[in-house]
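Read off the chains here:
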Amino acid sequence: MSNSHNNLIEPDDFLSPAAPSYVEATYSDTYDNPFETSIPQRINSPSIEPDDVPLPGQKPSSPVKTPLPKVSGTIGSSSQSSNTGGNIGSSGIGLGVGQAMMGGGIDTLDEPVSETLLRDLRNVGAKLQQVLYPKGRKDILKDWDLWGPLLMCLTLSIVLSARAQADQKITVFTWIFIIVWMGSAVVTVNAKLLGGRV
Amino acid sequence: MSNKGFASSSTSPTSGNLSVNNTPQARPTGFGDAGAFDPHRSIQDQTVKKPIWSIEYYARFFDVDTAQVTERCMASIIPKQNFLEVMGGSPDLYGPFWIPTTVIFVLFVTSSIMESINAYMSSTPYTYDISQLTFAFGTIYSYAFLVPSMIWGATKYFGCQPDLLEMLALYGYGLTIWIPVSVLSILPWNLLRWALVAVGAGVSGVFLIRNMYPVLSRAEAQTSKVILILVVALHGILALILKYKFFAYTVTAPSDPPAA
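Protein sequence lines, in the order shown, are assigned to chains Y and Z.
Mind the numbering: the first sequence is residues 1 to 198 in full-length UniProt numbering, read in order.
Mind the numbering: the second sequence is residues 1 to 260 in full-length UniProt numbering, read in order.
In case anyone wonders, no lab produced these hints; they're calculated from the structure.
A hint or two may mislead.
Here are some chain Y residues pointing at chain Z (derived, C-beta under 7 Å) [stated by the list, open to error]: (1) Gln-165; (2) Gln-168; (3) Ile-170; (4) Thr-174; (5) Trp-175; (6) Ile-176; (7) Leu-194; (8) Arg-197.
As a list, the in silico DSSO-like pairs of lysine-lysine whose alpha-carbon atoms are at most 27 Å apart [unchecked claim]: (9) Z:Lys-156 x Z:Lys-50; (10) Y:Lys-127 x Y:Lys-192; (11) Y:Lys-192 x Z:Lys-50; (12) Z:Lys-156 x Y:Lys-169; (13) Y:Lys-192 x Y:Lys-138; (14) Y:Lys-192 x Y:Lys-142.
Derived DEER-like restraints, expressed as beta-carbon distance ranges [as the list claims (entries may be wrong)]: (15) Z:Thr-124 x Y:Ala-162: 20 to 28 Å; (16) Y:Val-113 x Z:Ile-186: 47 to 55 Å; (17) Y:Glu-115 x Z:Thr-127: 17 to 25 Å; (18) Y:Leu-141 x Z:Ile-186: 34 to 42 Å.
Cβ atoms here follow ideal geometry from the backbone N, Cα and C, with glycine treated the same way.
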């Protein structure tokens, strides 16, 4: 390979500056495979970070080597006392805007699916309870999610559509959906136009 | 002559956004017959430089409160003074959107109640007819938005200098009377329903004509007569549609044929 060196472009002509460490580490007169670096140099590269480095703005999580059941148990119990640990990246759904993103997202990856779904359902149930019978913490509705409204809308549409005339079932379903979602949008735009802060 | 309104607006638009002031298409209305200098509107023009696609641009058409809307609704039912004076030169879009929406749902609900009472009296099973909601949606929204736009376009073509906002406000607030008419039409007498429809069409028709006449008369005599007849005809067609589709009087006893 060394005698073909003159016909080839120098490695650092086309390698992006994002990976200078490869070039610096392996630069020689001969043309070497720039990706054939040893692992320690890859860690020293500024472009790739190991998985347990916390993202900017997060606290570093507790030691990575903790066995998993203990960590997920901690998160599960803390979600009842505070509403920050609840829905972290568990299924990617149900993330409320008001919740803080913590670095422990990867810890919910190994929990059973039923646990994931039930956590979201319990949240929806808690908010529904607050709406129907307003005792308890009022700001539970602040960390909103759209699964609850979707479930209610679907339930209402399906029930009303089942009870409608035979040739109108589709129309009824459509109208309920339109009224619920377009109605919310219209009311929100109306509030914004009237000067409210929504 | 068409610039006399623009004289009160500020001069140089910024290059980035569509300024409210000088580009004709940014302002959806002409200045109509607002010959007097309206300080409120010019101050608004000079300070508000919002792009036409933002919500803030349209917020100035929603600058009403409950008392004003109620006053305008009452003025459309009981015509005591010129509606344009009642609006005080600042027509809104709040009424012209929400009143037709209310009329749609009230029409559907009351006609369903009528038919269910009818079915109960004659002991037949009944389920509501959602196609009436679709029909009401199409009819009322086209009457409240398409027809005023068409009339505005026609009068603008013939040089009447209309104001689109005023047209929309007239047609929108003019639909207010149909809400009490719908509710009262639940009572099951055909003659009463016909009387109510006639009163509703008459009141809103007179309201429309009286307030549109100054604008229409600025065209030539023949054209303004034709447009006037068109307005009356469309209004009459709406009244008949409402009567036959929503306030229809049917008796579904096994022996009697239904009578409209």
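> What are the numbers of the hints the structure violates, in ascending order?
Replying inline: 3, 4, 6, 8, 12, 17
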